[in-house]
Amino acid sequence: MSLETTFPTTPPTPPRLPPLRRLAARCMRNPLGGVIAALVLIFGVSCLLSPHFLTGFNMMIMARALAFIGLVTIGQSILMILGELDLSVGAIGGLAGITGGMLMVQAGLNPWLSLVLCLLLGTACGMLNGVLITQLRLHSLVLTIGMAGVYGGAILVATKGVAITGVPVDISFLGRGLVYGVPVPFIVLLACLGVVAFVMVRTPVGRYVYAIGSNPEAARMLGLRVDAIRIAAFATAGFLSALAGILMVARLGTAQPSIGDTWVLAPIAAAVIGGVATTGGLGSPVGAVLGAVIIGMIENIIVLFGISPYWQSVVSGGIVVLAISFDSLARRYLHREA
Numbered sequence: 001m002s003l004e005t006t007f008p009t010t011p012p013t014p015p016r017l018p019p020l021r022r023l024a025a026r027c028m029r030n031p032l033g034g035v036i037a038a039l040v041l042i043f044g045v046s047c048l049l050s051p052h053f054l055t056g057f058n059m060m061i062m063a064r065a066l067a068f069i070g071l072v073t074i075g076q077s078i079l080m081i082l083g084e085l086d087l088s089v090g091a092i093g094g095l096a097g098i099t100g101g102m103l104m105v106q107a108g109l110n111p112w113l114s115l116v117l118c119l120l121l122g123t124a125c126g127m128l129n130g131v132l133i134t135q136l137r138l139h140s141l142v143l144t145i146g147m148a149g150v151y152g153g154a155i156l157v158a159t160k161g162v163a164i165t166g167v168p169v170d171i172s173f174l175g176r177g178l179v180y181g182v183p184v185p186f187i188v189l190l191a192c193l194g195v196v197a198f199v200m201v202r203t204p205v206g207r208y209v210y211a212i213g214s215n216p217e218a219a220r221m222l223g224l225r226v227d228a229i230r231i232a233a234f235a236t237a238g239f240l241s242a243l244a245g246i247l248m249v250a251r252l253g254t255a256q257p258s259i260g261d262t263w264v265l266a267p268i269a270a271a272v273i274g275g276v277a278t279t280g281g282l283g284s285p286v287g288a289v290l291g292a293v294i295i296g297m298i299e300n301i302i303v304l305f306g307i308s309p310y311w312q313s314v315v316s317g318g319i320v321v322l323a324i325s326f327d328s329l330a331r332r333y334l335h336r337e338a
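Take the sequence shown: its letters are residues 1 to 338, numbered as in UniProt numbering.
Please keep in mind that the hints were generated in silico from the structure rather than gathered at the bench.
The C-beta atom is built at its ideal place from N, Cα and C for all residues, glycine as well.
Mixed in with the good hints there might be a few duds.
Said to hold, decoys possible - Distance windows between CB atoms, simulated: (1) 215 with 162: 47 to 53 Å; (2) 258 with 218: 39 to 45 Å; (3) 310 with 194: 31 to 37 Å; (4) 61 with 137: 41 to 47 Å.
Based on the sequences and whatever the hints tell you, model everything.
Encoded structure:
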């Protein structure tokens with residue numbers, strides 16, 4: 001009979017990742033932590049660069065400007081989490097704004113009823129995108145490029161490139177009003193963000209969106225109504241874009257044909273900066289809006305320094321390239337380690 005002595009064994013320590021991979025892994029696991037850190041850093045640098053940045057008037061301007069692009073960003077982030085993309089959101093917002101102006105000014109319809117009809121129009125346009133994509137099995141990127149041309153062309157046909165003036169002052173409060181010093185459009189943004197964040201985190205519908213974005217075929221095999229959820233997501237994006245367009249008309253007091261022209265690249269860049277994966281299944285609308293705040297601060301600094309506003313397009317495009325490149329590199333590092 002032999003006696004054997006056993007000693008407790010400890011599991012081997014996993015190898016430490018290189019610093020760059022460790023940073024990428026940390027950012028990917030906690031996307032909100034990364035975007036908040038970037039937000040604080042850019043905010044601090046902006047305060048140092050310009051004494052006019054951290055003033056009540058400038059903060060109010062940034063909050064009001066953020067509201068419009070933020071609403072579109074929320075809708076775009078839902079689609080990106082789902083693994084889709086809609087490049088017609090800006091045109092939908094512009095079409096809703098122009099339609100509202102025509103109903104209020106040319107048709108003499110009640111302003112509030114006109115706003116409701118515009119929201120329904122934006123929702124219908126988004127739903128049409130979703131139906132065409134799901135039923136015809138078209139790629140969302142290709143389809144929405146075409147639909148952006150359709151909606152943009154409808155704007156030019158209706159207005160002939162001329163702004164609609166004389167929008168009733170009854171709705172000006174929606175675009176220019178303040179509540180305890182906070183712009184009304186910014187309050188609308190926070191309300192919409194709260195509702196969407198609750199749905200995405202606390203309801204089965206939100207979990208279905210993440211499941212479909214991660215693996216649509218597996219979600220379909222589990223019995224999820226993939227097509228219906230996709231259509232609902234596109235309809236939601238259309239609704240939020242229309243809401244942004246209506247608020248912009250209320251702010252300007254006119255329905256400009258150019259409304260929504262800049263609402264294409266910036267929401268995508270904001271979503272990627274905020275941790276929304278370009279491949280779907282990861283991210284949150286909250287992070288996407290924080291990404292929009294970062295872009296807004298950068299553009300605000302450009303204005304404060306008196307740089308030509310034409311550079312904003314250059315900056316927005318550069319941010320898109322950098323954000324997508326970082327997202328791709330980070331996932332490549334994680335994939336290698338896995």
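Quick rundown of the hints versus the structure:
no. : hint                     : result
1   : 215 with 162: 47 to 53 Å : holds, 49 Å
2   : 258 with 218: 39 to 45 Å : holds, 43 Å
3   : 310 with 194: 31 to 37 Å : holds, 35 Å
4   : 61 with 137: 41 to 47 Å  : holds, 45 Å
The structure agrees with every numbered hint stated previously.
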